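Read top to bottom, the protein sequences are chains V and C.
To convert a position in the first sequence, counted from 1, into our numbering, add 4.
To convert a position in the second sequence, counted from 1, into our numbering, add 4.
The reader is advised that the hints may include incorrect statements.
Because identical chains cannot be distinguished in the list, a pair is counted as satisfied if it fits within a single copy or across any two copies.
In silico lysine to aspartate or glutamate, EDC-like type, Cα no more than 16 Å apart, as pairs [as the list claims (entries may be wrong)]: (1) Lys257 / Glu292; (2) Lys304 / Asp155; (3) Lys220 / Asp206; (4) Lys14 / Asp293; (5) Lys170 / Asp133; (6) Lys257 / Asp293; (7) Lys154 / Asp293; (8) Lys73 / Asp261; (9) Lys154 / Glu302; (10) Lys257 / Glu21; (11) Lys62 / Glu333; (12) Lys106 / Glu275; (13) Lys106 / Asp61; (14) Lys22 / Asp61; (15) Lys197 / Asp329; (16) Lys68 / Glu21; (17) Lys68 / Asp261.
Since the hints were derived computationally from the structure, they do not count as laboratory data.
If you're wondering where the values come from, they're calculated on a predicted model, not measured in any experiment.
Number of protein chains: 2
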Amino acid sequence: MRITFDELVKVFAEKLEKRGVPREDALLAGQILAQNSLDGIYSHGVNRFPRLVSYIDKGYIDPKAKAEKVASFGAYEQWDGHLALGMVSAKIAMDRAIEIAKQYGIGLVAIRNTNHWMRGGYYGWQAADQGMIGICWTNTQPNMPAWGAKDRRIGNNPFVMAVPRKNGEHIVLDSAMSQFSYGKIEMTKFEGKQLPVPGGFDEEGNMTTDPGAIEKTWRVLPVGYWKGSGMSILLDLVAAILAGGNTVTDIGKMTSDEYGLSQVLIAIDPERFNAPGFTEEAINRVIEDVTSSVPATEGKAVRYPGQNSLATRRKNLEEGIPVLDNIWEQISAL
Amino acid sequence: MRITFDELVKVFAEKLEKRGVPREDALLAGQILAQNSLDGIYSHGVNRFPRLVSYIDKGYIDPKAKAEKVASFGAYEQWDGHLALGMVSAKIAMDRAIEIAKQYGIGLVAIRNTNHWMRGGYYGWQAADQGMIGICWTNTQPNMPAWGAKDRRIGNNPFVMAVPRKNGEHIVLDSAMSQFSYGKIEMTKFEGKQLPVPGGFDEEGNMTTDPGAIEKTWRVLPVGYWKGSGMSILLDLVAAILAGGNTVTDIGKMTSDEYGLSQVLIAIDPERFNAPGFTEEAINRVIEDVTSSVPATEGKAVRYPGQNSLATRRKNLEEGIPVLDNIWEQISAL
Numbered sequence: 005m006r007i008t009f010d011e012l013v014k015v016f017a018e019k020l021e022k023r024g025v026p027r028e029d030a031l032l033a034g035q036i037l038a039q040n041s042l043d044g045i046y047s048h049g050v051n052r053f054p055r056l057v058s059y060i061d062k063g064y065i066d067p068k069a070k071a072e073k074v075a076s077f078g079a080y081e082q083w084d085g086h087l088a089l090g091m092v093s094a095k096i097a098m099d100r101a102i103e104i105a106k107q108y109g110i111g112l113v114a115i116r117n118t119n120h121w122m123r124g125g126y127y128g129w130q131a132a133d134q135g136m137i138g139i140c141w142t143n144t145q146p147n148m149p150a151w152g153a154k155d156r157r158i159g160n161n162p163f164v165m166a167v168p169r170k171n172g173e174h175i176v177l178d179s180a181m182s183q184f185s186y187g188k189i190e191m192t193k194f195e196g197k198q199l200p201v202p203g204g205f206d207e208e209g210n211m212t213t214d215p216g217a218i219e220k221t222w223r224v225l226p227v228g229y230w231k232g233s234g235m236s237i238l239l240d241l242v243a244a245i246l247a248g249g250n251t252v253t254d255i256g257k258m259t260s261d262e263y264g265l266s267q268v269l270i271a272i273d274p275e276r277f278n279a280p281g282f283t284e285e286a287i288n289r290v291i292e293d294v295t296s297s298v299p300a301t302e303g304k305a306v307r308y309p310g311q312n313s314l315a316t317r318r319k320n321l322e323e324g325i326p327v328l329d330n331i332w333e334q335i336s337a338l
Numbered sequence: 005m006r007i008t009f010d011e012l013v014k015v016f017a018e019k020l021e022k023r024g025v026p027r028e029d030a031l032l033a034g035q036i037l038a039q040n041s042l043d044g045i046y047s048h049g050v051n052r053f054p055r056l057v058s059y060i061d062k063g064y065i066d067p068k069a070k071a072e073k074v075a076s077f078g079a080y081e082q083w084d085g086h087l088a089l090g091m092v093s094a095k096i097a098m099d100r101a102i103e104i105a106k107q108y109g110i111g112l113v114a115i116r117n118t119n120h121w122m123r124g125g126y127y128g129w130q131a132a133d134q135g136m137i138g139i140c141w142t143n144t145q146p147n148m149p150a151w152g153a154k155d156r157r158i159g160n161n162p163f164v165m166a167v168p169r170k171n172g173e174h175i176v177l178d179s180a181m182s183q184f185s186y187g188k189i190e191m192t193k194f195e196g197k198q199l200p201v202p203g204g205f206d207e208e209g210n211m212t213t214d215p216g217a218i219e220k221t222w223r224v225l226p227v228g229y230w231k232g233s234g235m236s237i238l239l240d241l242v243a244a245i246l247a248g249g250n251t252v253t254d255i256g257k258m259t260s261d262e263y264g265l266s267q268v269l270i271a272i273d274p275e276r277f278n279a280p281g282f283t284e285e286a287i288n289r290v291i292e293d294v295t296s297s298v299p300a301t302e303g304k305a306v307r308y309p310g311q312n313s314l315a316t317r318r319k320n321l322e323e324g325i326p327v328l329d330n331i332w333e334q335i336s337a338l
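Turn these sequences into a full structure, and let the hints guide you.
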């Protein structure tokens with residue numbers, strides 16, 4: 005079935021209010037989840053909603069809590085999420101980073117004791133919509149082996165960078181440090197397909213594109229092998245240190261679920277010093293150059309980061325957001 | 005042969021002075037190049053010196069120029085490198101970012117019209133040696149195809165993150181957005197070996213570990229395929245915009261060589277708000293956890309980013325820095 009953006013927001017907000025989330029936060033959380041679905045990231049929108057609600061029920065998310073500034077010095081602030089809804093806190097934190105950037109050119113908010121922000125790209129689009137460069141990342145529970153290891157001790161720690169364009173066609177990268185998400189591996193197995201490139205190791209220790217073999221080990225591959233493994237470790241350390249919060253190691257010791265995360269949200273004013281038009285022209289030169297590359301597969305144009313989200317958004321705005329029947333039943337019953 | 009750190013610095017500085025570099029800058033450049041060699045990054049130390057000097061001779065590097073602040077607002081400064089020696093300017097820029105971070109918690113210096121900084125990791129170690137988190141990146145000439153493309157229109161845009169430890173055993177990631185450097189591919193071919201994982205495409209468009217086949221196309225692989233390709237584009241855009249400088253696209257239109265780059269150098273004070281010991285303990289918990297992972301290959305311990313550089317540094321300090329005879333002859337003749 006297809007459901008409109010407004011209907012999704014309404015239902016999400018109602019269900020969250022029923023769990024004790026104040027009306028204003030429930031609406032904001034609903035809007036973020038609906039936007040993620042609108043942009044085609046169903047895994048961190050509508051499909052994730054039942055699990056999100058279960059985290060309230062399990063006490064990982066405090067429905068009534070509010071993120072709070074605990075320390076401030078110049079352009080760097082430290083916040084405590086108090087285990088409130090992660091999307092709401094991340095949105096507030098990026099809004100604050102943008103305010104700081106207006107005052108100091110750059111603003112950094114690091115937040116501890118926060119929860120899953122769902123889709124990191126949302127906060128990149130958020131910064132770009134306000135004319136800002138956005139850079140943000142989160143740590144996660146341990147869900148990936150370090151390079152050279154068998155057991156999962158590092159996080160996939162999604163990393164986001166966004167560059168604004170005045171026409172709203174922002175350039176937004178949203179990249180976890182694992183080559184594929186668990187969801188993608190499971191869906192590929194369900195469809196009886198192979199991954200397009202190796203995504204992990206089988207039980208014999210060989211790299212494989214077979215999602216079923218990877219599911220048996222959950223020894224998933226970091227992006228670029230040793231490189232993504234290293235970047236995951238640094239992203240975790242920097243987030244936990246700046247937030248004064250939990251590391252991936254700490255999170256792994258708490259439960260088998262994922263809460264109490266550390267995140268960094270940075271905004272930078274891209275037009276502070278540049279001549280009028282410089283920023284827009286520089287972006288367009290690069291995007292035109294890259295998207296007119298000689299395609300590796302004839303007829304298949306090279307795309308820029310964020311292009312697919314925007315195309316899906318336009319389609320879903322027109323036709324409604326596709327929602328799986330069984331997911332909608334689960335949500336309706338909450 | 006093996007040459008001491010001090011001897012390397014002396015020879016580099018002499019040769020640079022002969023090309024018109026003022027004594028102070030020549031010494032600093034020599035120290036950076038010698039340090040890169042000491043840490044085992046010979047490709048961006050001693051082995052690169054003849055090419056560096058040729059860039060002065062070709063006029064890409066202005067030996068007498070000095071990087072200069074052109075604009076400043078709060079914690080964000082824009083600098084012009086005036087095509088001075090890239091290592092000297094990057095060092096100055098990171099020093100300035102650290103000063104700003106002491107004042108505002110975070111400091112960002114973006115520099116345009118600068119030159120190759122040799123090894124990005126140097127500036128990460130530099131920040132960490134002063135107790136700061138360092139994050140920096142550079143753009144490059146177009147040297148890699150975007151994902152889905154055949155021709156090289158994006159840069160490998162090295163990205164660096166560093167976290168300080170009081171004992172000097174900093175955690176430092178220095179990662180280009182290509183899976184392998186050109187130098188690594190050429191060296192692997194020279195040794196008659198295969199790359200450990202696919203590094204590019206052969207003439208038939210298949211991914212391959214054969215360095216000879218990749219040399220025929222120079223269609224090298226981005227880290228994590230579409231992910232590193234996207235990150236390369238964002239790193240380039242953000243650097244060029246914040247510096248008001250050239251993009252990878254612009255650099256590719258200038259010459260077939262590489263100059264006039266854009267770079268971002270960020271420092272953040274990790275202990276601004278944290279309880280005493282928090283930072284150190286958080287780092288140690290993660291590093292101990294990750295390095296005690298179950299190894300994929302028995303007896304082969306999992307390492308953290310920066311660990312190899314430190315081990316090589318200690319060995320080379322004791323035994324001297326290994327230098328190829330023919331490279332030393334070339335340098336001596338300059």
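Within, between, both or neither: how does the pair Lys106, Asp61 come out at a Cα-Cα threshold of 16 Å? Neither: 39 Å inside a copy, 43 Å across copies.
Homo-oligomer pair classification [Asp261, Lys68; C-alpha up to 16 Å]: Answer is neither: 20 Å inside a copy and 58 Å across each miss the 16 Å cutoff.
Can you tell me if Lys257 and Glu292 fall within 16 Å by alpha carbon in one copy, between copies, both or neither? between (47 Å within a copy, 14 Å between copies)
Since the copies are identical, ignore which copy is meant and state whether Lys304 and Asp155 lie within 16 Å (CA to CA) inside a copy, between copies, both or neither. between (38 Å within a copy, 14 Å between copies)
My question is about Lys62 and Glu333: at a cut-off of 16 Å on alpha-carbon distance, are they close within one copy, between copies, both, or neither? neither (21 Å within a copy, 69 Å between copies)
Please work out whether the CA atoms of Lys154 and Glu302 approach to 16 Å or closer within one copy, between two copies, in both situations, or in neither? Between copies, since 11 Å is at most 16 Å while 39 Å is not.
Pop the pair Lys154 and Asp293 into one bin, within, between, both or neither, using alpha-carbon distances up to 16 Å. between (41 Å within a copy, 13 Å between copies)
With identical chains treated as interchangeable, where does the CA-CA distance between Lys73 and Asp261 reach 16 Å or less: within a copy, between copies, both, or neither? So Lys73 and Asp261 fail the 16 Å test inside a copy (26 Å) and across (48 Å) alike.
I want to check one pair: Lys68 and Glu21. Are their C-alpha atoms no more than 16 Å apart within a copy, between two copies, both, or neither? within (10 Å within a copy, 66 Å between copies)
Within, between, both or neither, where Lys170 and Asp133 count as close if Cα-Cα is 16 Å or less: The answer is within: 8 Å in one copy meets 16 Å, while 40 Å across copies does not.
Using 16 Å as the alpha carbon limit, work out where Lys257 and Asp293 are close: within a copy, between copies, both or neither. The answer is between: 11 Å across copies meets 16 Å, while 47 Å in one copy does not.
Up to 16 Å CA-CA - Asp293 versus Lys14, copy category: neither (42 Å within a copy, 44 Å between copies)
Figure legend: structure checked against the earlier numbered hints; hints not met, in rising order: 4, 8, 10, 11, 13, 15 and 17.
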